[in-house]
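Q: Read off the chains here:
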Amino acid sequence: MPKYVLRRVLISIPVLVGISIVLFSVLALAPGDPFEELATNANVPPEVAQRLRAQFGLDDPLPVRYVRWLTALARGDWGFSFQSRMNVDQLILQRLPVSLFVLGSAYLLALALALPIGILSAVRPYSIFDQIATTLAFIGFSLPTFFTGLLFILVFSIWLDWLPFIYRADIDATGWRWLAEHARQAIMPVAVLGLFEGATLTRFVRTSVLEVIRLDYVNTARAKGLSEARTIGKHVVRNALIPVVTVVALQCPTIFAGAVVTEQIFRVPGIGSLLIAAILASDTPVVLAITFVYSVLVVAFNLIADVIYGWLDPRISYA
Amino acid sequence: MAGSILAFLTPERRAVVEPRVTSLASEAWRRFRRHRLALFGGVVLATLAAVLVVGPLIYRTPMNEIDFKAKLRGPTLAHPLGTDDLGQDLLARILYGGRISLAVGLVAMLIALTLGVLIGATAGYAGGFVDHLLMRITDLCLSLPQLPLLLLIIYLFRDFVRRAFGPEAGIFFLIVAVIGGLRWMRVARLVRAQFLSLREQDFVQAARGLGAPARRQIVRHILPNAFGPVIVAASLDVAAAIIAESTLSFLGLGFPPDIPTWGRILFDAKDTLDHAPHWAIFPGTAIFLTVLSINYVGDGLRDALDPRRVLPS
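Protein chains in written order, with numbering that gives the first Met the number 0: chain A, 0 to 318; chain B, 0 to 312.
Hints listed in this document are in silico derivations from the structure and should not be mistaken for laboratory results.
Idealized CB from N, CA, C, for every residue including glycine.
Be aware that a few hints might be false.
[Stated by the list, open to error] Restraint-style ranges between C-beta atoms, simulated for each label pair:
1) B:53 - A:45: 54 to 64 Å
2) B:53 - A:107: 39 to 49 Å
3) A:266 - B:26: 30 to 40 Å
Same shape as in the complex, but just chain A:
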């Protein structure tokens, strides 16, 4: 198993390099000088602008520029944000935990909804429960996150006045109240993201369980006298989950898109809202760095999925 994990980790390195090449080409192909903002911005001392230009080596040939940019990136030298007046890596590290918290909670909510609903739907296909669940799932993933977010604000903040619609990092309270306030303001962003993702996953879980439940070995399990709960729980679900894990990983880019939107709507101080702010302020180093961080996250999630896949599916050899 450790060997398998190690091999997966090694495979993801070329992917990251590939992504960095794509990002760099986009930047290099961009017309005009992406740092012209620096020269005209009064906030930026000329020597900082000069250093940035040198770091991105704007006057060198492309491969040289790419290698220099990549080594700087790998060393943790991510440049300087003239908008926030601090180093980009510090800025991102400051914002990342909130994003990961919202993303993680949303994924947990999505799984907590999708697994039971999807399995129950598949156990009794075309029953009333299945039809209601399928319809809700369709509605769920047809509602774009930006619209659900606005509807939630409208209903829960404006009409009912239950929940705050601005996410604040600096809550002036301590102990349980601090925790409660944090939970309260996280409900809407997490729900918006989790419901969308949950709706998508429900469909995959249902399809996947439906495919497995018809197989002969399931009948064998029943014929041996296993209870229905055991048959489904032990024999069907474990096999049905294998493709679902892949889907969860492939969904990553989509849920990140949802996360950017959600952070923007509820003003969650994460890297998604930072990305939008940086774009609106033409803060190129930050924009590039965050795009790369998202890529790393996608690759990391894929890696985790691969490892879980190996654990779930005994047919995969670790050798």
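Let chain A serve as the given structure and place chain B on it in line with the hints.
A: For chain B alone, coordinates are given in the frame of chain A:
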């Protein structure tokens, strides 16, 4: 109702009728019709498209007539869907924006489809090194974070395209190209998988044996057989592209303010939710209905075009 016609026939007469000749299309249509929600989605979608195309010809209220006395009004007779913060008519703006949203969805899908079919067919037919290389590229693109990359590209290129092609056409081309260019991977994988299995089938071997050149084998024999899942993926891509464009506009980074796409209207409306909720609800519902209908149509197409799919009896 082909089934019910057969149902009342006696077994003897039925035996005579039995070898029904059903073309692929009529069989697909029969299966599609059984998915009632898909049929309903198709009707809704057709109605929406008709309203968007014909609507502005009948409903002549200009979309950019500013009237501060009537600003942020709810639905009235003069303005059936109310007005925005400048007193501009919402219905006219939604009708205009819908055309753009649908156009973006369709053109981006066509780009994704073309790229996907080209790449998938090349990989699947050529095999070997070319296949390996193209599939690695596909995997790489699948792990790109779509929205941040979309934002990055639009951020870097929008001034350039605006200068080169004008504000509206330039942004349109840019958005469509980037959305389409980031969505071809699923189609490419599907096409490749189909090609790998179809390439070795007897009828293709026969065509090859009769001396059909590669192009004829691909275009006449393999592609038509690979099209079922591709059409399904393409229909879902339209919905995804519409959402992608709306998301960009909603973040304030899509079309410029004077081009009211649905996402852009939502972006403008989000700060006055408390006293003018209609401003956000109407365009939001329009996006939702469109995407929902397309998703249902896609689901119906999947039932219709996938012969392995088991339908409830």
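Q: If a hint holds in the structure, say so; if it doesn't, say that too.
A: Here is how each hint holds up against the structure:
Separation of residue 53 of chain B from residue 45 of chain A is about 59 Å and conforms to the stated range, judged on CB atoms against 54 to 64 Å. Taking the beta carbon of each, residue 53 of chain B and residue 107 of chain A are about 47 Å apart, inside 39 to 49 Å as hinted. Checked against the hint of 30 to 40 Å, the C-beta distance between residue 266 of chain A and residue 26 of chain B comes to roughly 53 Å, which is inconsistent with it.
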